[in-house]
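A.B. asks: If you're matching them up, the sequences are chains A, B, C and D in order. Mapping of the first sequence onto numbering that gives the first Met the number 0: position 69 corresponds to residue 68, and the numbering continues sequentially without gaps. Mapping of the second sequence onto numbering that gives the first Met the number 0: position 17 corresponds to residue 16, and the numbering continues sequentially without gaps. Mapping of the third sequence onto numbering that gives the first Met the number 0: position 140 corresponds to residue 139, and the numbering continues sequentially without gaps. Mapping of the fourth sequence onto numbering that gives the first Met the number 0: position 183 corresponds to residue 182, and the numbering continues sequentially without gaps.
Since the hints were derived computationally from the structure, they do not count as laboratory data. Mixed in with the good hints there might be a few duds.
If several chains are the same, the list does not tell them apart, and a pair holds so long as it fits within one copy or across any two.
Restricting the straight-line Cα-Cα distance to at most 30 Å, the calculated cross-link-like pairs of lysine-lysine (BS3-like) are [stated by the list, open to error]:
1) Lys94 <-> Lys63
2) Lys144 <-> Lys245
3) Lys323 <-> Lys106
4) Lys31 <-> Lys323
5) Lys324 <-> Lys73
6) Lys324 <-> Lys31
7) Lys94 <-> Lys245
8) Lys144 <-> Lys106
9) Lys73 <-> Lys94
10) Lys94 <-> Lys31
11) Lys144 <-> Lys324
12) Lys324 <-> Lys63
13) Lys106 <-> Lys31
14) Lys94 <-> Lys144
4 protein chains.
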Amino acid sequence: MSWLEQSIMHTRGVARGQVGATHQLPESRQGKFHYTIGPYSDPVLEIQPGDRVVIETRDAFEGKVRTEQDLPSKVLTVPFLNPQNGPIMIAGAEKGDVVAVYIESIKPRGDNPRGTCCLIPRFGALTGTDYTATLNDPLPEITRKIDLDEEGVYWSQRVTLPYRPHIGTLSLSPEIDSINSLTPDTHGGNMDVPDMGPGSITYLPVRSPGGRLFIGDAHACQGDGEVCGTAVEFASTTTIHVELIKNWAIAWPRLENDALLMTIGSARPLEDATRIAYTELVRWMSEEYGFDRWDAYMMLSQCGQVRLGNFVDPKYTVGSAIRKKYLAAKAA
Amino acid sequence: MSWLEQSIMHTRGVARGQVGATHQLPESRQGKFHYTIGPYSDPVLEIQPGDRVVIETRDAFEGKVRTEQDLPSKVLTVPFLNPQNGPIMIAGAEKGDVVAVYIESIKPRGDNPRGTCCLIPRFGALTGTDYTATLNDPLPEITRKIDLDEEGVYWSQRVTLPYRPHIGTLSLSPEIDSINSLTPDTHGGNMDVPDMGPGSITYLPVRSPGGRLFIGDAHACQGDGEVCGTAVEFASTTTIHVELIKNWAIAWPRLENDALLMTIGSARPLEDATRIAYTELVRWMSEEYGFDRWDAYMMLSQCGQVRLGNFVDPKYTVGSAIRKKYLAAKAA
Amino acid sequence: MSWLEQSIMHTRGVARGQVGATHQLPESRQGKFHYTIGPYSDPVLEIQPGDRVVIETRDAFEGKVRTEQDLPSKVLTVPFLNPQNGPIMIAGAEKGDVVAVYIESIKPRGDNPRGTCCLIPRFGALTGTDYTATLNDPLPEITRKIDLDEEGVYWSQRVTLPYRPHIGTLSLSPEIDSINSLTPDTHGGNMDVPDMGPGSITYLPVRSPGGRLFIGDAHACQGDGEVCGTAVEFASTTTIHVELIKNWAIAWPRLENDALLMTIGSARPLEDATRIAYTELVRWMSEEYGFDRWDAYMMLSQCGQVRLGNFVDPKYTVGSAIRKKYLAAKAA
Amino acid sequence: MSWLEQSIMHTRGVARGQVGATHQLPESRQGKFHYTIGPYSDPVLEIQPGDRVVIETRDAFEGKVRTEQDLPSKVLTVPFLNPQNGPIMIAGAEKGDVVAVYIESIKPRGDNPRGTCCLIPRFGALTGTDYTATLNDPLPEITRKIDLDEEGVYWSQRVTLPYRPHIGTLSLSPEIDSINSLTPDTHGGNMDVPDMGPGSITYLPVRSPGGRLFIGDAHACQGDGEVCGTAVEFASTTTIHVELIKNWAIAWPRLENDALLMTIGSARPLEDATRIAYTELVRWMSEEYGFDRWDAYMMLSQCGQVRLGNFVDPKYTVGSAIRKKYLAAKAA
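One chain only, chain A, in its complex shape (with noise of 0.2 Å):
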């Protein structure tokens, strides 16, 4: 039995791992993409548990910088960043529930240069920022074009870089607040959490009826914290399989892969995404698979792993994992 049949998704979502229908949402689906998440877009399709929806994601550029000359000061308009397809309606789903979001695939669409990575001024880890407010001028504003295929990444002359997509923007609708793109928070939002790839669920909280599942924001590649700002974002053909787990209570998303069980917090300053994920991981087991919380706390001390998502503004993202082999009781 595969990783997938004993996953918390297949043994606790409504359809049981069976998969049911595939809808197309392809970008004249979506016409109008969301740079805000919230309760108070137009849903552009419904889906019932176990459903797959192959869908066509733009990239966070929403293609404006077709080239080394298109600099995102120029051709980018704020807030309107970071476009999001959806949202997509759950059937069944209310607040309380859990929506799982298996990746199935993210391919390439278009033609090369595919790639965008852009260094914009004031954004990013290492430069002072509209937050972390300096004197200092501005770095300067870079656009790079890269070529990418499902074999490689080819970063420059030098460096090949390995293909390894994933999801950086994945949100079910907050209850009454609608939060822009950029932001990651306790709905999901824009995590940048590499291993949101092909091969993941994500564990998303139900706050609206319905779940409003918003989904975007594909790279290439990322490394940890994707401190420059930006990866290499693409547009994507996504195909996801999306499940609805019923009354599980959980405050913050959750990801669930073939080794590790992972709980992801977003919050500044950075010390605070890993209280959350790390509080988070401590309360999963305790909770769901017999540990004394004091036996989880020290326990994680010795074999937590940590992962860092988006480290740049407004909000940094923090994974915590433990290996399930640990979590499995010890036979008689």
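Chain A is already provided as a structure; the job is to place chains B, C and D on it using the hints.
C.D. replies: Just chains B, C and D now, kept in the frame of chain A:
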């Protein structure tokens, strides 16, 4: 000539300090209060620049904490907290303008004990919270009901505090986001700056047509930081005089009173809120008062003043100020 | 009876407010100044509780910045910065005691321009620094020489600031560490709290035999945060009155003046400095002034005051204060 | 040719990878262990570049926690924690040089249960602490004694963890400060980076004559962040090979192993530790590997790796790394 006649509001406002019509916004007219500040709600009032509005605000608990036996966790429902009046549309306000709000008076409404102060589990500056997530047990939940009038706040048998009212939450709408009324940011929001009382002018950047003014959260008194998470919250009759300043591009809220000019930043960690406030003040001094920016920076190192506003989740607020007398050009 | 006679220093000190011998500590007697505060240096003076010491402090640049052409990066050598007088041994001081330092006066020494303010590359609150490490170019390096006397600080043609001197760095020795004189911590250090001027009493915890008092870094005036990294630094003749309070276990420095009691915390991020200061104040109110700790916490939310001291690397300092009138028990 | 032969240590070291004399530093020779790292202690050993040292380290509790009934608050005395061997003088080391420490092996000493893990009140990542000061009650105090050998760490009936030893605290002396052995900073110190195990080389900047190497705090295994505040602490026999690299001006510790180069920063808040690590890595790539600095910055956004070391008071440690294969110049 009074400072008010020489204020930015009066000298640069569309109505040039002339007071226009007086509008009433009692609870009955407000009807539905708002818990999120954005462009998606229906206006309750439209006014002209220079108009005065008399507003019945509810307390931050919406009057549901009536006795010391009413605990927040029992009588309140997240995220329906900190109810706001509005949105009030200001005729002619467009993106790139500023709305000025002069607070004429804040008077208590209702019977004593009118004041409420609560210690809410996992909320406040000196406890683990949902963001500064720890495994500690929460602090006790406590409700205090407090008599108050315009002479004083009768905190306890032992201590009487002065009545120094201010408005905790004052906002214009963001352009596309809708932000819960507990969060301060560039749009204003839950800043909890004690200087924002009668005799102060707050300048807020317009981001959407009409500005969409929201107001609420009156405090009878408050210390720096509002550390336990709540002030002496009360229902008020607040009278404001509203102006419109065209084409004044400010990034964050600003405040003026008889003695000082203040810039206000909201962020985490607290140093970022302080950095924002001080960089905005350097910018203001150099752009509008003829200071070399390095002279301004070095001079604020000698005479800048800092006020800690909201020091509670989800974001912290800091005001940085300079006394107006230091801005006056030296007579020849 | 003056506030000083009723102060903790006078009522609990070994000498009960009696002023003993007056010692002179001119530059010539000090000889070698210190750049690190610890138990490994040779005492320069031994005094009795109640004694007065008249000290010639050097400015934070040790007088090496003589003209506006003297740039810090040329004339200074890291880590030999912020020279301190001392250590002064206080007879009878043992771990678990407190040394109280009442500042009688701070007077300028030397010829004008006596004052120096520098903008030092990668140092200050509004720039990337060695800790808040960014890739931005540094700000310009600038030296300002400033005339000053006991009437005023003549900042520029346009601006005269009041002469409001204080001591930037005041310390007892840690038990086993030796900490550079730029860093504030539980031992005191470079706190840069403007309230630490003439008329104030600072209470410092004793950690090693004799306490080992260090003092230096006089400022002619300083704004909240000392944001550009330096104040109006000057060489002073500072007169202090020193007392010993036996068996008073405080964890962090505290301050008293005619109007208020203050607790002082130093840490990063800035919220931790503020948390330390406020928790120490809650503790003080509940342990020594008969307040229930939750009453103290909730009351400080209404009347606590915050002073930002050092807001520059390597650690930030915050003072939290309560007015003494609120601590008085209500008359029957 | 092995990676070690091609390492910076071997190619740039004074001894060019030749292993010299082997010195023994058993507990008996060490005699007095050190709790503060500075220039004021007496050397225990002088070695030549290229020499090997076999060191008996004590555990971080100095062996005083013998049973699960021994609580830290009873058997330990602050600040006498985390005992360090040394200082070892490296002949010829001067300010501006680097000392390289290759860890050959870390083996357990003493009888089982050799491992100790404690939950110490107000210490750890998921609790209010002396710095992140809150009014919450502390977590319980707990001692765990753990059997371990070179095959595994027998955490509980249910869980066995791999034996993956590393050195928690490795330092050269600061120039004039003496820093307690719990604090990491530019000198090294209590970094708790799990990569610092057998097969790794750590590069530390020399600040005082002879470098003055201190070492201690072996961990049998540790998760990212050491979140409960302690790892599986144990007494070890650790064998190191020490080299001297002349005239290599690094600001912070660096690490090399077969696969990657890592830069290490220690600061609070956690974002500053991460900023330090990544800016040092950009600098390294541009100064020594021929990358344009903006190319390096943008490329790390795609392939940089982050390791969370110490996430506990008083400072946090982060390592940023790049795989060495990406640094190789492309063959023509």
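A.B. asks: Now tell me if each hint is right for this structure.
C.D. replies: Now the hints, each set against the structure:
In this assembly of identical chains, the alpha carbons of lysine 94 and lysine 63 lie at most 30 Å apart only when taken from different copies (24 Å versus 37 Å within one copy). Taking the shortest alpha-carbon separations for lysine 144 and lysine 245, neither the intra-copy value of 44 Å nor the inter-copy value of 40 Å comes in at or below 30 Å. Within a single copy, lysine 323 and lysine 106 get their C-alpha atoms as close as 28 Å, and across copies as close as 28 Å, so both meet the 30 Å cut-off. When the C-alpha separation of lysine 31 and lysine 323 is checked against a cutoff of 30 Å, the pair qualifies neither within a copy, at 40 Å, nor between copies, at 44 Å.
Neither within a single protomer nor between protomers do lysine 324 and lysine 73 lie at most 30 Å apart by alpha-carbon distance, with minima of 50 Å and 36 Å respectively. In this homomeric assembly, lysine 324 and lysine 31 never come within 30 Å of each other (Cα to Cα): the closest approach is 44 Å inside a single copy and 43 Å across copies. In this assembly of identical chains, the alpha carbons of lysine 94 and lysine 245 lie at most 30 Å apart only when taken from the same copy (9 Å versus 43 Å across copies). Proximity of lysine 144 and lysine 106 under a CA criterion of 30 Å is satisfied intra-copy only: 18 Å inside one chain copy versus 50 Å between copies.
In this assembly of identical chains, the alpha carbons of lysine 73 and lysine 94 lie at most 30 Å apart only when taken from different copies (19 Å versus 41 Å within one copy). In this assembly of identical chains, the alpha carbons of lysine 94 and lysine 31 lie at most 30 Å apart whether taken from the same copy (26 Å) or from different copies (23 Å). Proximity of lysine 144 to lysine 324 under the C-alpha cut-off of 30 Å is restricted to the inter-copy arrangement: shortest distance 23 Å between copies versus 41 Å within a copy. For a Cα distance limit of 30 Å, the shortest separation of lysine 324 from lysine 63 qualifies neither inside one copy, at 45 Å, nor across copies, at 33 Å.
Taking the shortest alpha-carbon separations for lysine 106 and lysine 31, only the intra-copy value of 22 Å comes in at or below 30 Å, while the best inter-copy value is 47 Å. Taking the shortest alpha-carbon separations for lysine 94 and lysine 144, neither the intra-copy value of 42 Å nor the inter-copy value of 33 Å comes in at or below 30 Å.
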